[in-house]
Structures are given as structure tokens and as C-alpha cells.
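J.: The chain contents come next:
4 protein chains.
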Amino acid sequence: MKVIIDLCVVPLGVGVSVSKYVAACHEIINQAGLKSELHAYGTNIEGEWDQVFGVVKTCHERIHEMGAPRITTTIKAGTRIDRDQTMADKVASVREKV
Amino acid sequence: MKVIIDLCVVPLGVGVSVSKYVAACHEIINQAGLKSELHAYGTNIEGEWDQVFGVVKTCHERIHEMGAPRITTTIKAGTRIDRDQTMADKVASVREKV
Amino acid sequence: MKVIIDLCVVPLGVGVSVSKYVAACHEIINQAGLKSELHAYGTNIEGEWDQVFGVVKTCHERIHEMGAPRITTTIKAGTRIDRDQTMADKVASVREKV
Amino acid sequence: MKVIIDLCVVPLGVGVSVSKYVAACHEIINQAGLKSELHAYGTNIEGEWDQVFGVVKTCHERIHEMGAPRITTTIKAGTRIDRDQTMADKVASVREKV
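Line by line, the protein sequences give chains A, B, C and D. So the first sequence is numbered by UniProt numbering: it starts at 1 and just counts up by one. So the second sequence is numbered by UniProt numbering: it starts at 1 and just counts up by one. So the third sequence is numbered by UniProt numbering: it starts at 1 and just counts up by one. So the fourth sequence is numbered by UniProt numbering: it starts at 1 and just counts up by one.
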């Protein structure tokens, strides 16, 4: 089952700057070979369900190892069985209608 | 790694009523033996990371089997390594300060 | 336009405990006379759109006044024009199908 | 109070394709003169709180007018009082650390 997610990981107890933790997640996503897009309020990732959610778990583990005692994450996750759709398809579908 | 999540599963392409799909998810959560609380905009679940996210995947698979061609889900997921905290602890912690 | 929201306000830069900020939000919601339900990962609120989102803004202002330099909030917001539905209706609709 | 939001509007009861509704929201955002960025799982918008959330309300009203009986929306909203930060700043801050 393919999934496209939007991932926003927020470490608590480490001050106001969270960019180094987000950067660590990007290395994890890239090392997993998953396609992703960073945006101003999260990161979109596409791939097989188990691999994508495996990466989310690894992000939590890594951020705790980096010293964050608490993490709260928001995820949007989309699956569909009627047809294949990539992240690029979704953006293109809106742009052609604007 | 323990996790508390808030899960809100939204099937698309099946009309406006989504309650039977949410009810199917509740059976999956209960069969997994996980503690959960239904609220008006989702369901809170607590347990070990792999088991909790395994249930989320099973919910997507089941809802597709029930006929929904597309699903969009919103998840909040919290982990902490400084101390144990249950769903009941979180609610109690706010209530004692109100 | 009536709306039901799920509100989860997360102050950053104030350590790991966020319950006193959530409690402050509850006072704001109650003072506004809005119906709400606290759960383990947020608070559900129902009412007229402008009043509900006015409360969300007041929560951000109050939490900043309490000393939080940064806040990240997750909101789910539902509206429907086919029929009236309260928070209690939504929970009941699922429970009768479980 | 400046805010950066991530907006994901999901109409229910209108089939599986939601791109024309998202396109309608983009026209509303542009007509309001707000800076925004479309991504594969939502749209980021930055501006003054009242104007940004006014646009969110207008999106719900327009999508109902277009025939959707029900809408469920997910919003992430960030405010900070320690310093100014744009959407572009947030992305740049992560990129320089990767």
C-alpha cells in the first residue's frame, strides 16, 4: 500500500529552534531512499506504508537521542486504491485548475 | 517506545457519513487490546509504537476493503522519554490546574 | 456557520510541561460560553465559526503573555450544511455502530 | 499577530477528486493578497492572523456554495513573538543544516 504523508515533528524541552531536528529527519528520509519535499510547515514523503512509517519512528528515536525529552508530531496520511498518484501529480492537478 | 496518538480517519468517495468506518476502526483497536478513548473528532490510542501504528495501517486496509477508494487521515503522535505518562495522566494534569 | 474543532495548542521554549497553558485555554473557552470537551490530545469545541476561532486567537495571545515565545497549534475543523450535528451526536453515531 | 499556517481542506460527499476545491481556495488566497505556497498535502499561508483565518472561513463558505455538504479541514498554525520569521526563513533554516 502506497502512502503520501505530511510530517511535522516538534521536539519539546529544547528551546524554540527546531530546525536541527528537522534536518536530522531529512537525513533519515534520504538515507531510506524515499522521495520527499520540504515545505515551511513540514515535509511530504511518499513510498510504501511500512517504509514511510518506519522512517517516522526512526525520526522520533533519533530526536530523543539528540536530547529532546518529549516530541509531538502531526501527520497527514493519504492512501488510495482507485489509481496511482504521486506528490507531483497532486500539485499538478491543482495547478491546472487555478 | 510508548506512544499516545490521536487518530482521525476520513474516507473519501463514500458520501458524507463516516461513522461506520470509524466504528470498524474501533473494533480493530479493541481486538488489538489497545487502550483507547473515542471523542468527537477522533480517537486517542496508547501503547507500544509498533502496535499502535500497526493498528493505523490495518484501519486503512479495512476501510479500503469496505469500499472507500481514498482515505485521508490526521494523526497526532506524542512520545516522551523523561517519564511515563498515560492518556488519563494527561487529562488529569490539565484538570487539576483549571 | 457552525463549526466543531479539535484544538491542540503546543507552546515552545517553556520546557516539557504544557498543562498550565492548556488550562489557561480552558478558562478562555469557558468564559466565552462555548461547549467543549477536554481529551488526552486536545480539546473539542463547538459553536459559531467567528466565536470559536476568536477563542483560538485569544489562546495564542494569552499563552504568549504567559511567557511562551513560540506556539504551534494543530486544529481540525468541521462544518456541514446538510444537517445540524453536535459533538455529542458525532460520538453517539459511532457508538451505536460499534 | 503574524501567523504561518498549513491549510488542508477536505470536502466530503463530492467524490474522490478534491483538486477543484483546492484551486478555488487558491483564488481566494490570491485575491486576499496573501503569500502562499502550494504543496502536495496542503497550502502554506503567511500573514496577519485575522486576515489569514478570514481566508480559511471564506474557503469553507465557497466550498459549501460549490456543493460540498461537509468539509473537514486540518490546520497547523504557528506564531512567535521572539522574532519575525517568514515561510522562506523556515525552509532556509532547515536547508542550511542538512
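Treat each hint with caution, since some may be false.
Using C-beta positions, here's what the derived DEER-type ranges look like [what the hints assert, rightly or not]: (1) A:E65 to C:Q31: 41 to 47 Å; (2) D:K97 to C:A23: 33 to 39 Å; (3) C:A88 to B:V16: 26 to 32 Å; (4) D:D84 to B:K97: 44 to 50 Å; (5) A:P69 to B:A92: 36 to 42 Å; (6) A:E96 to B:N30: 14 to 20 Å; (7) C:A32 to A:D89: 31 to 37 Å.
Facing chain C, from chain B, some residues (calculated, C-beta under 7 Å) [to be verified]: (8) L34; (9) K35; (10) H39; (11) A40; (12) I81; (13) R83; (14) Q85; (15) M87; (16) A92; (17) K97.
Honestly, the hints are just simulated from the structure, not real lab data. Using N, Cα and C, we set each Cβ at its ideal position, and we do this for glycine too.
J.: Are any of the numbered hints broken by this structure? If so, which, sorted upward?
T.: As far as the earlier hints go, 3, 4, 5, 6, 7, 8, 9, 12, 13, 14 and 16 are violated by this structure, in ascending order.
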